[in-house]
Amino acid sequence: MAAALARLSRRTLAVRSRLIPLHRLLSAEATAAEAAAVAPPPQTASDRVKWDYRGQRRIIPLGQWVPTIAVDAYVAPNVVLAGQVTVCDGASVWNGAVLRGDLNKITVGFCSNVQERCVLHAAWKSPTGLPAETSIERYVTVGAYSLLRSCTIEPECIIGQHSILMEGSLVETNSILEAGSVLPPGRRIPTGELWAGNPARFVRKLTHEEILDIPKLAVAINDLMQSHFSEFLPYSTVYLEVEKMKIALNISI
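Residue numbers (this note's numbering): -16 to 236.
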């Protein structure tokens, strides 16, 4: 009797030992099935992101011509400079402006400013025989949304907003073109005069005080530019807020 019980117990243990690997196998398959249900399906070639590296660039070299920006000049991040463009010391080019020097030179002189959404470009040559490049000399203010093409603006002038200066036009020193004016090809604004209209016509002579205020406006915009320029340094001005927070919380680090 005892021998029969021993043989029965050995058979039971053998069956249980064979069932344990099967149980483990089933549990492993269940775990793998659960993981597969949670994990996202593998991506195919058609599902992958199609990267596009043709984003807007601020500086666009064209052939041998590369835009030149002075160290202390301010060029906003979304400005486009292409080709033969020179931005001189203390000058500023504001948001959304496009300076396209693909056909001829464009120069923004010392302490001059080209404001928001302006478009500057130049032709191969001027039909008037005058220089075809676009030249903005020192202490010039070009108002927002203006269009300048192959024109020359001498020192200390103001170009009002939404103005258009066509090929070969010339604005002489200490002159003002009022907002919304159109200067036809080859037209010249003599020194010390105020012009306005479409097409632009002589309005009156500028007073001595008005002439003195022209470079003051350019200097004021240059001072304003400094605060914008400091925001694009590597450390920006965030460190000032950190210093205030440290003082407020008595943090010595």
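None of these hints come from the bench; they were simulated from the model. Keep in mind that this is a model prediction, so the values were computed, not measured. Some hints could be false.
Restraint-style ranges between C-beta atoms, simulated for each label pair [as the list claims (entries may be wrong)]:
{"#": "1", "residue 1": "225", "residue 2": "156", "range": "45 to 51 Å"}
{"#": "2", "residue 1": "213", "residue 2": "40", "range": "21 to 27 Å"}
{"#": "3", "residue 1": "42", "residue 2": "175", "range": "36 to 42 Å"}
{"#": "4", "residue 1": "81", "residue 2": "193", "range": "26 to 32 Å"}
{"#": "5", "residue 1": "78", "residue 2": "156", "range": "27 to 33 Å"}
{"#": "6", "residue 1": "224", "residue 2": "195", "range": "35 to 41 Å"}
{"#": "7", "residue 1": "156", "residue 2": "61", "range": "15 to 21 Å"}
{"#": "8", "residue 1": "213", "residue 2": "175", "range": "33 to 39 Å"}
{"#": "9", "residue 1": "78", "residue 2": "227", "range": "26 to 32 Å"}
{"#": "10", "residue 1": "227", "residue 2": "188", "range": "50 to 56 Å"}
{"#": "11", "residue 1": "187", "residue 2": "108", "range": "55 to 61 Å"}
{"#": "12", "residue 1": "227", "residue 2": "174", "range": "47 to 53 Å"}
{"#": "13", "residue 1": "227", "residue 2": "182", "range": "51 to 57 Å"}
{"#": "14", "residue 1": "222", "residue 2": "107", "range": "46 to 52 Å"}
Where a beta carbon is used, it is the ideal one built from N, C-alpha and C, also for glycine.
The hints, checked one at a time:
1. 225 x 156: 45 to 51 Å: Given range 45 to 51 Å: holds, Cβ gap about 47 Å.
2. 213 x 40: 21 to 27 Å: For residue 40 against residue 213, whose Cβ atoms are near 23 Å apart, the range 21 to 27 Å holds.
3. 42 x 175: 36 to 42 Å: 38 Å, holds
4. 81 x 193: 26 to 32 Å: The hinted range 26 to 32 Å holds for residue 81 and residue 193, with Cβ atoms some 30 Å apart.
5. 78 x 156: 27 to 33 Å: Roughly 28 Å apart at Cβ, these two residues keep to the hinted range, so it holds.
6. 224 x 195: 35 to 41 Å: With a Cβ separation near 39 Å, residue 224 and residue 195 satisfy 35 to 41 Å, so the hint holds.
7. 156 x 61: 15 to 21 Å: Given a distance of about 32 Å, which is not inside 15 to 21 Å, the answer is violated.
8. 213 x 175: 33 to 39 Å: 37 Å, holds
9. 78 x 227: 26 to 32 Å: Roughly 28 Å apart at Cβ, these two residues keep to the hinted range, so it holds.
10. 227 x 188: 50 to 56 Å: The hint (50 to 56 Å, Cβ to Cβ) holds, given that residue 227 and residue 188 are roughly 52 Å apart.
11. 187 x 108: 55 to 61 Å: Since residue 187 and residue 108 have Cβ atoms about 34 Å apart, the given range 55 to 61 Å is violated.
12. 227 x 174: 47 to 53 Å: Once the Cβ atoms are compared, 50 Å apart, the range 47 to 53 Å for residue 174 and residue 227 holds.
13. 227 x 182: 51 to 57 Å: 55 Å, holds
14. 222 x 107: 46 to 52 Å: With Cβ atoms ~49 Å apart, the hint holds.
When the structure is compared with the earlier hints, violations turn up for hints 7 and 11 and for no others.
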